[in-house]
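K.L.:
So the chains spell out like this:
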Amino acid sequence: MSMDVIVEAIAFVLQWQNLAALAGGTLYGIIIGVLPGLGPSAGMALAIPLVMSWHPGTALIFMGALYKSSNYGGSLTAILVNTPGDASNAATILDGYPMCQNGRGGVALGLSATSALVGGTIGMICLMYAAPFLAEFALEFGPAEYFLTAILALSLIAAVVQGATVKGLIAAALGLLLSTVGFDVIAGNLRYTFDWAPLEDGIPLIQALVGLFAVTQALVLAESAASISRIAKLSGGFLEGVITYFRHPAIMIRASAVGLFVGILPGVGQSSAGLLAWADAKRVSKHPEEFGNGAPAGVVASETATNACMPGDLVCTIALGIPGSVGAAVFLGVMIIFGIVPGPLVFSEQSQVIYSLFVALFLASAFVFIVGITAARHLAVVTLLPNNIIVPLILVVSLLGSFAIRNVMADVMISLAFGALGYVMLKRGFTPIPLLLGLVLGEMVETNYHRALLISGGSYSVFYSSFICKILILLTILSLVGPYLGPFWKTLTQGEK
Amino acid sequence: MKEKLKSGEVLFKLALFFVFSCFYIGAMSYPLDSRQFPQLLSSIGLILTLIALAIDFIRKQVLEGEIGDVDDTELRVMDAETKRARRRRFYQAWAIILGATGIGFLGGFLFSTIFLLFGFGLLFGHRDHWVKNTIVAAALTVLVYFVFGSIMGVPLMDGVLW
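Protein chains in written order, with numbering that gives the first Met the number 0: chain A, 0 to 496; chain B, 0 to 161.
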C-alpha cells in the first residue's frame, strides 16, 4: 500500500462534492437505519437512482457512508423505542432500552455514537491493512477456486441467514438459475427470454434488488395500519455517555476483536457480532446480573462489535468478491453496477476508488459521531410517519429508480415481479437474501465453472485437485452440516438430560 | 395451532418444484454449452425442493400426533380476523400498485406517482385526515417532479398516449 495512493485518495475525498456525498450518505443512512425494517440493503436499493449518474468514486463514498451509518440509525430506535432498525441492533435493545426506561436514554445514545466512532475506526484500520494481503492471497486462485469460493459463500449465507439450510439453498439455487436468463456468457445464446427484449441482457440487478428489498418491505408495511412506532421519552446526558464509554477499555477492545472476526466470516452478519460481544462482556463482567437491566457495558459491547464488524464484512467483499453479509452482498451489487469488479486486481486497477472508499469510511465514523451529538435524537421522529405516507414514498422512490435506469416501464414490472416474489418468499418462511446473492454471483459462478472445465479438458477433477479447493470443499460441507452438528453433539454429550 | 402445519409453505414449495422443472425442460432445446449449467442448477433445485417437501411431510405427521386433540377454535377466530384485515390491506395495496403501473404505461411515470400517493393517502389514511393527506400527496408529487424530472432529467411524462 503506497502512501501516494493514500494521499491521492484523501485529496479525492476532500473535494466538496465527495464531502457532500459523504455527509448526505451518512444522514440518509441514519434516517434509513431509524426506520425499522428498512436496513442498509433497502437503503442502498432506494439510493441507486440518485447516484447512477455520479462518478463511481463519489457514488461508492455515498453508498459506503450509508451502509456504515445505517447501523447507528438502527441503534437510535433500539434505544428509544425498543425496536431495532435492523437485525444488527438486536443486541443493543438488551441494555439500551432499559437504560432509556431508567431515564438514561441520552447516555445510551452517547455510548452508541462513541461506539460508532471507535468501533468503526478500529475496524477501518484493520480493513486497510488486511484487504491488500487478502487480495495478494487471492492471486493464487484459479477458476476452480473462485467457483468453489462462491459456492462456499452461497452455502454459508443460505445456512446462516436463513436458519433452515435447505430453504436457503433452494433460494440460492433459484437466484443462480435466474442469473442464467439472457445472453449466455459462454456461447452467446439467448436463454429464457421468451423473446422479451428487456430480458436479453439478463435480469437487471438493480430492478431485482429494488423489488426484493424495497417493494417487499413496502408491501409488508402496507399490511399494518399504524405508523412504525411511538417515540419514547429521552433524557440523560449525551456527553456523559461519551465519558462512560471510555471507562470500559477492555470491553471496547474485546468487542472490536469479536466484531472484526465475525465480519470476516462470510454469511455471519452484524447481528451475530453484537450478540456474541454482549455475551462475552457479560461473561467476563464482575456484575453480570446488571446485563439486561440497563448496563452501559452491554451497549458498549454490542455497538462496538457491530460497528467493527462492518469493515470486516467489506474485506472479503472487496478482495475476493465474496460478500461477508447481506448488506455487503448488496454493496457488492452496487460496486458491479458502477463497473468496479471486486477481486484481487481491484487494488491495482481501481486503487483510487477503493482507497477513497476506505478514507471515506474513516470519515463517516466521525460524521456519525457529529450527527449523534447534534441531530440524531430528532431524526427518530420519522418513525412516527404514518404508513399511508411511508409506503407510497418507498414505492415511488424505488420504482422510479427502476424506471430511471432505462426509462422503460418494463423495468417497473420486473421490480414488481421481484417484489411479489420476495413477499411470497418471506410469508412462506424463505428469505430472499440467498436468492439475491445467487443472482449477483451467478455470472461469476457459471463463467468460472466453464473456464475450469476448459482448462482441465472437461475433467471434473479440477474442482478438487488443489489444496485450496480441498479446504474450500471442506468448509462448504462444514457450513452445510454445521447447523445440525451442534444439537447432535449436545445430545451425544448430555444424553436426554 | 394447526397453522404450524403451514400448508401455504408446502404449496409454495410445489410451485418452486414446477418452476425448477420448467427451467430444466426449457433448457433442453439449447446447445450443450448453454444448457449444461441451468440444467445442473435445476436438478439441484428439484432435489432440494423434494427434500424440503419430505421434511414438511415428516414434520406434519409429528405435529398432527402432538396437537391433534388441542381445541384452538377461539384462537383461530381471533387470528382469522387480524389476518382478514391484513389481507384486505394487502389486496388494496396491490390494486393501487397495479393501477399506478397501468397509468404509468399510458401517461408516464408522473401519473403513477400521483396515483400511488393519492391512492395510499385515501385508502390507507384516516378519513378525518383526507385534506392533510391530499396536501402531503400533492407536495410530494411536486417534489418528485422537481427532483427527478427537472434536476435529474428523467422523462416522467413519456407514455404511450403522447
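Treat the hints as calculated values from the structure; they're not laboratory data.
Keep in mind it's a predicted model, so treat the numbers as computed, not measured.
There could be a bad hint or two in this list.
[To be verified] Beta-carbon label-pair distances, calculated as ranges: (1) Phe193(A) with Leu121(B): 57 to 63 angstroms; (2) Thr192(A) with Pro154(B): 35 to 41 angstroms; (3) Ile9(A) with Tyr90(B): 52 to 58 angstroms; (4) Leu142(B) with Lys426(A): 28 to 34 angstroms; (5) Met27(B) with Ile5(A): 27 to 33 angstroms.
[To be verified] Below are the DMTMM-like pairs computed for lysine to aspartate or glutamate, each with C-alpha atoms no more than 20 angstroms apart in a straight line: (6) Lys82(B) with Glu222(A); (7) Lys426(A) with Asp127(B); (8) Lys426(A) with Asp157(B); (9) Lys426(A) with Glu80(B); (10) Lys59(B) with Asp127(B); (11) Lys426(A) with Asp32(B); (12) Lys469(A) with Glu222(A).
[Stated by the list, open to error] Which bits of chain A does chain B cover? Going by a derived footprint, with three or more residues having C-beta under 8 angstroms, they are: (13) 66–73; (14) 402–413.
Don't be surprised by glycine CBs; every beta carbon is placed ideally from N, CA and C.
K.L.:
Hints first: check each against the structure and report whether it holds.
P.N.:
Here is what the structure says about each hint:
no.	hint	in the structure
1	Phe193(A) with Leu121(B): 57 to 63 angstroms	37 angstroms, violated
2	Thr192(A) with Pro154(B): 35 to 41 angstroms	25 angstroms, violated
3	Ile9(A) with Tyr90(B): 52 to 58 angstroms	54 angstroms, holds
4	Leu142(B) with Lys426(A): 28 to 34 angstroms	33 angstroms, holds
5	Met27(B) with Ile5(A): 27 to 33 angstroms	54 angstroms, violated
6	Lys82(B) with Glu222(A)	9 angstroms, holds
7	Lys426(A) with Asp127(B)	33 angstroms, violated
8	Lys426(A) with Asp157(B)	36 angstroms, violated
9	Lys426(A) with Glu80(B)	18 angstroms, holds
10	Lys59(B) with Asp127(B)	47 angstroms, violated
11	Lys426(A) with Asp32(B)	37 angstroms, violated
12	Lys469(A) with Glu222(A)	48 angstroms, violated
13	66–73	violated (count 0)
14	402–413	holds (count 6)
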